[in-house]
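Protein chains: 4
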Amino acid sequence: MIKAGIIGATGYAGAELVRLLTGHKEVDVCWLGSRSYIDKKYASVYGNMFQIVEGTCFDDNLEALVNEADVVFTATPQGFLASLLKEEYLQKAKFIDLSADYRLKDVRVYEAWYHMEHKSPQFLKEAVYGLCEVNREQIKRARLIANPGCYTTCSILTAYPLVKEGLIDASTLIIDAKSGTSGAGRGAKAANLFCEVNENMKAYGVTTHRHTPEIEEQLGYAAGSEIKISFTPHLAPMNRGILVTEYASLVRNADGSLPSAETLRRAYEKYYADEPFIRLLDDGTCPETKWVETSNYTDIGFRIDERTGRVVMMGALDNLVKGAAGQAVQNMNLLFGRKETEGLALAPVFP
Amino acid sequence: MIKAGIIGATGYAGAELVRLLTGHKEVDVCWLGSRSYIDKKYASVYGNMFQIVEGTCFDDNLEALVNEADVVFTATPQGFLASLLKEEYLQKAKFIDLSADYRLKDVRVYEAWYHMEHKSPQFLKEAVYGLCEVNREQIKRARLIANPGCYTTCSILTAYPLVKEGLIDASTLIIDAKSGTSGAGRGAKAANLFCEVNENMKAYGVTTHRHTPEIEEQLGYAAGSEIKISFTPHLAPMNRGILVTEYASLVRNADGSLPSAETLRRAYEKYYADEPFIRLLDDGTCPETKWVETSNYTDIGFRIDERTGRVVMMGALDNLVKGAAGQAVQNMNLLFGRKETEGLALAPVFP
Amino acid sequence: MIKAGIIGATGYAGAELVRLLTGHKEVDVCWLGSRSYIDKKYASVYGNMFQIVEGTCFDDNLEALVNEADVVFTATPQGFLASLLKEEYLQKAKFIDLSADYRLKDVRVYEAWYHMEHKSPQFLKEAVYGLCEVNREQIKRARLIANPGCYTTCSILTAYPLVKEGLIDASTLIIDAKSGTSGAGRGAKAANLFCEVNENMKAYGVTTHRHTPEIEEQLGYAAGSEIKISFTPHLAPMNRGILVTEYASLVRNADGSLPSAETLRRAYEKYYADEPFIRLLDDGTCPETKWVETSNYTDIGFRIDERTGRVVMMGALDNLVKGAAGQAVQNMNLLFGRKETEGLALAPVFP
Amino acid sequence: MIKAGIIGATGYAGAELVRLLTGHKEVDVCWLGSRSYIDKKYASVYGNMFQIVEGTCFDDNLEALVNEADVVFTATPQGFLASLLKEEYLQKAKFIDLSADYRLKDVRVYEAWYHMEHKSPQFLKEAVYGLCEVNREQIKRARLIANPGCYTTCSILTAYPLVKEGLIDASTLIIDAKSGTSGAGRGAKAANLFCEVNENMKAYGVTTHRHTPEIEEQLGYAAGSEIKISFTPHLAPMNRGILVTEYASLVRNADGSLPSAETLRRAYEKYYADEPFIRLLDDGTCPETKWVETSNYTDIGFRIDERTGRVVMMGALDNLVKGAAGQAVQNMNLLFGRKETEGLALAPVFP
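Read top to bottom, the protein sequences are chains A, B, C and D.
One gets my numbering by counting positions in the first sequence from 1 and adding 270 to each.
One gets my numbering by counting positions in the second sequence from 1 and adding 270 to each.
One gets my numbering by counting positions in the third sequence from 1 and adding 270 to each.
One gets my numbering by counting positions in the fourth sequence from 1 and adding 270 to each.
It is possible that part of the hints are untrue.
[To be verified] Computed beta-carbon distance windows for the label pairs:
1. Arg-535/D - Ser-495/A: 57 to 63 Å
2. Thr-611/B - Ala-460/A: 40 to 46 Å
3. Ser-527/D - Ser-441/A: 15 to 21 Å
4. Lys-395/A - Thr-292/B: 39 to 45 Å
5. Thr-292/B - Glu-545/A: 48 to 54 Å
These are computed hints drawn from the structure, not numbers from a lab.
Positions of the beta carbon are idealized from the N, C-alpha and C atoms, including for glycine.
Looking at chain A on its own, in the form it has when it is part of the complex (with noise of 0.2 Å):
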């Protein structure tokens, strides 16, 4: 059994990872670290874990845990990890962090993005970008996995064979994100109360969200050169789910047409063709929210516009599931030698 211990256990990323790790034959999980709730019962927060969690919170005393713990999971704000990983936890226990803190290679745009110092980055270069699809063997091999966000595991997914395939031109690339709110994370903010969100739409951090440098570093390794992207989240009145929509010009054949549909899913299929979490949706069929919902999938159609030589890409995924909890299992698995989809095959809810 691995044993696991969780930072933020009560925010929803957490409490998705609890509630995954609870259906893991493989997993025991030794701590539900939560600095706003300790001493009280798990279940007290989340009823829905009522007689299937017994166990109450605790601190997040790293030190103690990383004698406890094979594997830790940080679903905590920025900086958190950053300024408390040390040499010495790494040696004793595997972290996966849910958090941006080791996302980003470059030190000086992860602190022109998130206005913060970052506490420890010499780890920046051993840190594992835990896209298990793009990463897999380095995953297996590492100590610390920069598990991604949900919106750059979307985003990212969606269109990574088409620029790695060099068919589209990736410094045309925009990228017009939809969330569900479990994104906004359980902190008490009126904006985010059910009367604001409810029957309303609205983008918000429009030019300069946190998640564009992961995207543009990512897809960056992939186009083989740097990239700068457009990206636009917007809040979505549903609880689960992220959706992207991707627009880019495809770069024409010598002979001046357009690569075809066949030419463009040949792509995706030679790099997802055997992903057990990803699915290339029939021609024409648009991805839903609604049918990942849960599930540790990311669903990714395209469609291509003629009249104006762009194609349109889309992708969808359980921003907790894929694109946080699930993604940080996937990553565990892998890390432990497990079969990959332990704990994971889970067929979305519907409706």
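Starting from the known structure of chain A, arrange chains B, C and D on it as the hints suggest.
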């Protein structure tokens, strides 16, 4: 492996059966019956099942199906199974009917509330009312299960121990129920359009809802006498979930005092302490539909009102799971001697 | 022009007052009081009012306000007005209090249910309970109006004629109420976050909700004797709307027969036939909260249950309009001799 | 009084017309046309209008209607008015058509995108595209108004000043639109059921949506040349509201610098400063659909992205008001020389 056939596989309850059986280790679904979608790929109707269910939809040929299947689930409209069932079929396969055809023992009551002739009343006596917590032993020996509906399961389980123990006056029982919209089915009716249901609450079927006699019959057995109740269903703007709020006058002790909360709790525990799918909540905790969503649990709480001498009992379940498909799987497990929780050990999803 | 000041203008009820008074031809809003947003532009808090309301938020200075305003609306927490009100203020301006401070005549009942000391019980006798349909004449002559809340307005109006006419046994009255989430206010609490409320139904305040004694007092006047009722509020996943479902045993005629639907209808018509804001629905029609949304209407319907001898009464209103701000405007119109419907002739919005 | 007839009065746009005209002081609705509900009381179809609209539904007899009405609103499916309109009718009454029949000047474009023959192309030249902010003077003199749809109104108004002033490269324009579900109409389709839409986001009509050429034609006039754009509509789980997020490359100044936010703001102000129904938001403020709900406003904001050289323009409106019925009333006011805001001075409802 149990070979299972489903008639009505593209309704919401049928689709939930497909989802649950897909995750059940000892079941092989051999027949996806759907009159409306014959020869269409199942996953083209329910996109969530893309790459999970590969089959196409078949017709409703019971004659053929009973030769292939060990168990037939009928998630069909009232009157469907009643008009087709034959002794020969029951000799070949076990039947779990999710409609109301065999739930009421008295055919006259059926015909009065459902306004249709019952075409096979000869099976009414044999049919077992598939409320596992109440009729477990009969279920194990049955050939034909009348799987209770969502309102009735929640209504009966919430009051059963107090009625059975004579702690409430069953003639005062008033059940006010609130249901998610998936209970209304997938038929294309204007009244169930998003814009008509969203931001709306209404009662319907007031004093005439067909689930009333079913609750009366079952709680009448518990009371040891015929009872008449008030039952009012309401449509709530959510996909899943039933919440019942039940009111009844407590039967006073000989000295005129009311029974204590401890007494009521002991009554609930007497019947439910070992039930895997009933969670008796801590004192004062009110159930919430979200805490049971996608799971097979029924959560129950109660509160005594000293001022009026009444008890308010509350129950919550997921109408598509414990209120339909989950209970059907639970019945199947009992019928075939499997572990009762097999395929149903699902932690509720939140949020 | 009536000069109106609002204390608590940035809560949901206060904001609805601002919206309604903005459309009222004879009112000039001279004071937007909001402790939390002093000196901030009102439209920066409520973006819907951009370019409609140009003012900034003021503090809660009653002393100054009564010199400027003809009428003061207090949309404030329990105890606020009770702790500040003076005879001098009442001589300068009329007060319409949307809190519960002056709704209960018996200060001991107030203190028992609200768990706080009442700081100005000397005004309790003078205060008029501002349910226009019941107390219209006293309202016209009042200085201090205790504006009823959403649950109570809906609960009382729905049962009042049948209680008043002795057609139901008031001691059997059970009120099951469902409320939209704006009734919980704009305070930043985790329990009211979108993800916690959406796709969820729950009861709360079971047997202990503070609106209970208010309903009992008012319906007790109608009954001519003290009554005790059961009142259970529920939180529904929608922004606006209250639906009450009320159960009571009918008082049988001398020959043991039940009163007819026609008799009940006549009772409703006796009190409501000329009421501009009560719509008695056609026989058998159940009210829906969506049919009254954004309007000042209360829709009422009922159904007799011959089997149990009970009547099921149903009422629906918009909790922020007839349940708060609309009723306050209606009271203001009465206080100042304006046409009662002025500023309130709003067709409900659908969908 | 203007006598108004409505064909298609029981669809969502038609019903909104009924609501708005009911509150319009100078209009008398003389004809509620609805094929599906002939002879039924209008209020039995739309319960919100109980005791407000007393009439019954008529058939679609244009021949009779033009003799009674000064203005005919057709809120009907594509092709309806085109197949019936005659010169004689236009001599008797003014027409405001809410369908797309007369929106495109080039009949070949209409037939290519709508896949139907246009039955009265002779009126295309005369018809005025009823976007009041752009074509106000022609509207005043028109007999036949092609009332723009919800997506197009929002898409065009949001980009118009920047296109017109040559500040953006119109060939780079990408419009990502999110719509509430009332835009899909009241037809009983499974895809629009509550359970299918709720908790779901999806794109549809990708690269092929019929509103594309309408946007291209109108913005092409502003650009002074033909343009091709990308337009992607999405279905959002809310009743009302359109949000558009529009991306375009800014045209750089001679010195290679980007135009400033101040320059863009001046362009918007040049066209919209005096517009009663356009609100240019403060710098950095993103529009929210909830801030315009139930009103005739379009809210517009923008943000320059220095990194990519693009501008992100955002617009929000209520699809049933400014996107349909409100704009139709605004057109009617212009046609009949009434105050343009008459009947439309509605503060948005929140929450």
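Quick rundown of the hints versus the structure:
no.: 1; hint: Arg-535/D - Ser-495/A: 57 to 63 Å; verdict: violated (35 Å)
no.: 2; hint: Thr-611/B - Ala-460/A: 40 to 46 Å; verdict: holds (42 Å)
no.: 3; hint: Ser-527/D - Ser-441/A: 15 to 21 Å; verdict: holds (19 Å)
no.: 4; hint: Lys-395/A - Thr-292/B: 39 to 45 Å; verdict: holds (43 Å)
no.: 5; hint: Thr-292/B - Glu-545/A: 48 to 54 Å; verdict: violated (20 Å)
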